[in-house]
Amino acid sequence: MSEISTGKTRFPFGLTIATAIAFAILCGLGSWQLQRLHWKEGVLARLEALKTAPALPLVQVLTAEARPEDLAWTRVSVDCGDVGGEPLPLVYGVRDGDVVWRAQSPCAVLAGPYNMILVDRGVVPGLTGQVAPAPRAFAAPRRVVGVLSPIEQLGGDRAKVLERFADRKPAPLVLMVEQETPALEGLTPTPLPAEISNRHLEYALTWFGLAVTLLFIYAAMLWRRLRP
Numbered sequence: 024m025s026e027i028s029t030g031k032t033r034f035p036f037g038l039t040i041a042t043a044i045a046f047a048i049l050c051g052l053g054s055w056q057l058q059r060l061h062w063k064e065g066v067l068a069r070l071e072a073l074k075t076a077p078a079l080p081l082v083q084v085l086t087a088e089a090r091p092e093d094l095a096w097t098r099v100s101v102d103c104g105d106v107g108g109e110p111l112p113l114v115y116g117v118r119d120g121d122v123v124w125r126a127q128s129p130c131a132v133l134a135g136p137y138n139m140i141l142v143d144r145g146v147v148p149g150l151t152g153q154v155a156p157a158p159r160a161f162a163a164p165r166r167v168v169g170v171l172s173p174i175e176q177l178g179g180d181r182a183k184v185l186e187r188f189a190d191r192k193p194a195p196l197v198l199m200v201e202q203e204t205p206a207l208e209g210l211t212p213t214p215l216p217a218e219i220s221n222r223h224l225e226y227a228l229t230w231f232g233l234a235v236t237l238l239f240i241y242a243a244m245l246w247r248r249l250r251p
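The numbering of the sequence shown is the working numbering, which starts it at 24 and goes up by one.
It cannot be assumed that every hint is accurate.
Below 20 Å or equal to it, Euclidean Cα-Cα: the simulated SDA-like pairs (lysine to any residue) are [what the hints assert, rightly or not]:
| # | residue 1 | residue 2 |
| --- | --- | --- |
| 1 | Lys74 | Tyr226 |
| 2 | Lys192 | Gly108 |
| 3 | Lys192 | Arg90 |
| 4 | Lys183 | Tyr226 |
| 5 | Lys63 | Arg90 |
| 6 | Lys183 | Glu109 |
| 7 | Lys183 | Val146 |
| 8 | Lys74 | Glu203 |
| 9 | Lys192 | Pro173 |
| 10 | Lys74 | Pro156 |
| 11 | Lys192 | Ala134 |
| 12 | Lys183 | Ser220 |
| 13 | Lys192 | Ala89 |
| 14 | Lys63 | Tyr226 |
| 15 | Lys183 | Val168 |
| 16 | Lys192 | Val117 |
| 17 | Lys183 | Trp246 |
| 18 | Lys74 | Glu64 |
| 19 | Lys63 | Gly53 |
| 20 | Lys74 | Pro173 |
| 21 | Lys74 | Glu201 |
| 22 | Lys183 | Pro173 |
| 23 | Lys192 | Leu52 |
| 24 | Lys63 | Lys192 |
| 25 | Lys74 | Gly108 |
| 26 | Lys63 | Phe46 |
| 27 | Lys183 | Leu207 |
| 28 | Lys192 | Asn138 |
| 29 | Lys74 | Ile219 |
| 30 | Lys192 | Ile240 |
| 31 | Lys63 | Thr86 |
| 32 | Lys63 | Pro214 |
| 33 | Lys183 | Glu203 |
| 34 | Lys74 | Leu215 |
| 35 | Lys192 | Lys74 |
| 36 | Lys183 | Ile219 |
| 37 | Lys192 | Leu215 |
| 38 | Lys183 | Gly107 |
Simulated from the structure, these hints should not be mistaken for laboratory data.
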C-alpha cells in the first residue's frame, strides 16, 4: 500500500519515497556541478599560466608518466618525423559560432610508450559552414611549438583519425599548433578556445534551489494532510 492510515488521515508513504528520490537526484546534480566548477577553475588557471609559460620538450612531457588530462594546456616543442601516408580528413570545429574545418597531420616522435602524436595545424580558410569537405594534402610538420589538449575535450572526429595509426601507438593528446618552422601558408593556427564559460556555480545553485523548493512543497502537502 502506498499510504499508511493514522486515524482519519493517511501518511503519504509513496509520495515520501518519490520526494526522497527526487531530492537525492537534485542534490546529486548540484554536487556534480560543484565538481565541474572545481575542474573548470583549474582549466582557467592553467590557461592563464600558459600566457607566460615556456615551451617544454614534448618527449620530456610525454615520458613524465602523468595522466593525459594532467598534461592539458601544456606548451611544448617538438621536431617531427615524417609519417607519410594519404592525406587525413579535415576535422570540424566551432569558432565564433561557425563550423570550421581544421587540418590534421601525424608527427612521428619517440616519447615513452608513444611513437606518434596528432598535430592540429589550424583552420583551413574558405571552408566555413561547408559539410564534409574532401581531405587535403599538406607538407609534413617539422619544428612545432604548440599546446597539448586531451583528444576527448576537443570534439570532432580526431579519435577516428587516430585509429588509422593504431599500430604506431599514438599519444592520447593533440598538439594544437601555435607556431611552425617553416611556417605553413594558408592555415590559421587557433590553439586555444576563443572563450570558456564558467557558469557551474550558477547551475549548482539552481539544482540545490530546486531541491529546497521540493522540500517546502512536500512539507506543505504533508502539513495539509496530517493537520487535525
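Do the hints match the structure? See the list:
For a cut-off of 20 Å, the pair hint linking Lys74 to Tyr226 is broken: about 29 Å separates their Cα positions. Our distance criterion of 20 Å between C-alpha atoms is met by Lys192 and Gly108, whose separation comes to about 16 Å. Note on Lys192 and Arg90: the hinted pairing holds, with a Cα-Cα distance of about 16 Å set against a maximum of 20 Å. For a cut-off of 20 Å, the pair hint linking Lys183 to Tyr226 is broken: about 33 Å separates their Cα positions.
A threshold of 20 Å between alpha carbons decides the hint, and for Lys63 with Arg90 the separation of about 17 Å falls inside it, so the pair holds. Proposed proximity of Lys183 and Glu109 is supported: the alpha carbons are some 15 Å apart, at most 20 Å. Taken as a hint, the Lys183 and Val146 pair is honoured in the structure, with Cα atoms around 19 Å apart against an allowance of 20 Å. Between Lys74 and Glu203, the direct Cα distance comes to roughly 18 Å. Compliance with the 20 Å bound is thereby established for this hinted pair.
Between Lys192 and Pro173 the CA atoms are separated by roughly 15 Å; this keeps the pair inside 20 Å, and the hint holds. Restraint check: the Cα-Cα separation between Lys74 and Pro156 comes to about 33 Å, which exceeds 20 Å; the hinted pair is violated. For the proposed pair Lys192 and Ala134, the alpha carbon gap of about 10 Å is at most 20 Å, so the pair holds. Restraint check for Lys183 and Ser220: the C-alpha separation of about 28 Å exceeds 20 Å, so the hint is violated.
Between Lys192 and Ala89, the direct Cα distance comes to roughly 17 Å. Compliance with the 20 Å bound is thereby established for this hinted pair. A C-alpha spacing of about 13 Å is found between Lys63 and Tyr226, which places the hinted pair at or below 20 Å, so the restraint holds. Our distance criterion of 20 Å between C-alpha atoms is broken by Lys183 and Val168, whose separation comes to about 24 Å. Taking the CA atoms of Lys192 and Val117, the gap is about 28 Å. The hint is violated against a cut of 20 Å.
Our distance criterion of 20 Å between C-alpha atoms is broken by Lys183 and Trp246, whose separation comes to about 58 Å. At roughly 16 Å between alpha-carbon atoms, Lys74 and Glu64 fall within 20 Å of each other, so this suggested pair holds. Between Lys63 and Gly53 the alpha-carbon distance is near 15 Å, which keeps this suggested pair within the 20 Å criterion. Proposed proximity of Lys74 and Pro173 is supported: the alpha carbons are some 19 Å apart, at most 20 Å.
At most 20 Å may separate the alpha-carbon atoms for a hinted pair to count; Lys74 and Glu201 meet this at roughly 12 Å. At most 20 Å may separate the alpha-carbon atoms for a hinted pair to count; Lys183 and Pro173 meet this at roughly 14 Å. Proximity of Lys192 to Leu52 is assessed by CA-CA distance (about 37 Å); at most 20 Å being required, the pair is judged violated. For the hint pairing Lys63 with Lys192, the CA-to-CA distance comes to about 30 Å; that exceeds 20 Å, so the pair is violated.
With a C-alpha separation of about 35 Å, the suggested pairing of Lys74 with Gly108 is violated against the 20 Å cut-off. The hinted pair formed by Lys63 and Phe46 fails the criterion: a straight-line CA distance of about 26 Å is larger than 20 Å. Using a Cα cut-off of 20 Å, the hinted pair Lys183 and Leu207 is violated, with the two alpha carbons roughly 24 Å apart. Of the supplied pair hints, the one linking Lys192 and Asn138 holds, its CA atoms being roughly 6 Å apart against a limit of 20 Å.
Taken as a hint, the Lys74 and Ile219 pair is honoured in the structure, with Cα atoms around 15 Å apart against an allowance of 20 Å. At most 20 Å may separate the alpha-carbon atoms for a hinted pair to count; Lys192 and Ile240 exceed this at roughly 56 Å. Between the alpha carbons of Lys63 and Thr86 the distance comes to roughly 26 Å, so the proposed pair goes past 20 Å and is violated. Proposed proximity of Lys63 and Pro214 is supported: the alpha carbons are some 18 Å apart, at most 20 Å.
For the proposed pair Lys183 and Glu203, the alpha carbon gap of about 25 Å is over 20 Å, so the pair is violated. Under the criterion of a C-alpha separation no larger than 20 Å, the hint pairing Lys74 with Leu215 is consistent with the structure, at around 11 Å. Using a Cα cut-off of 20 Å, the hinted pair Lys192 and Lys74 is violated, with the two alpha carbons roughly 31 Å apart. Among the hinted pairs, Lys183 with Ile219 is inconsistent with the structure: their alpha-carbon atoms are about 25 Å apart, more than 20 Å.
Simply put, Lys192 and Leu215 have alpha-carbon atoms about 25 Å apart, too far for the 20 Å limit, and the pair is violated. For the proposed pair Lys183 and Gly107, the alpha carbon gap of about 18 Å is at most 20 Å, so the pair holds.
Against the hints set out earlier in the document, violations occur for numbers 1, 4, 10, 12, 15, 16, 17, 23, 24, 25, 26, 27, 30, 31, 33, 35, 36, 37.
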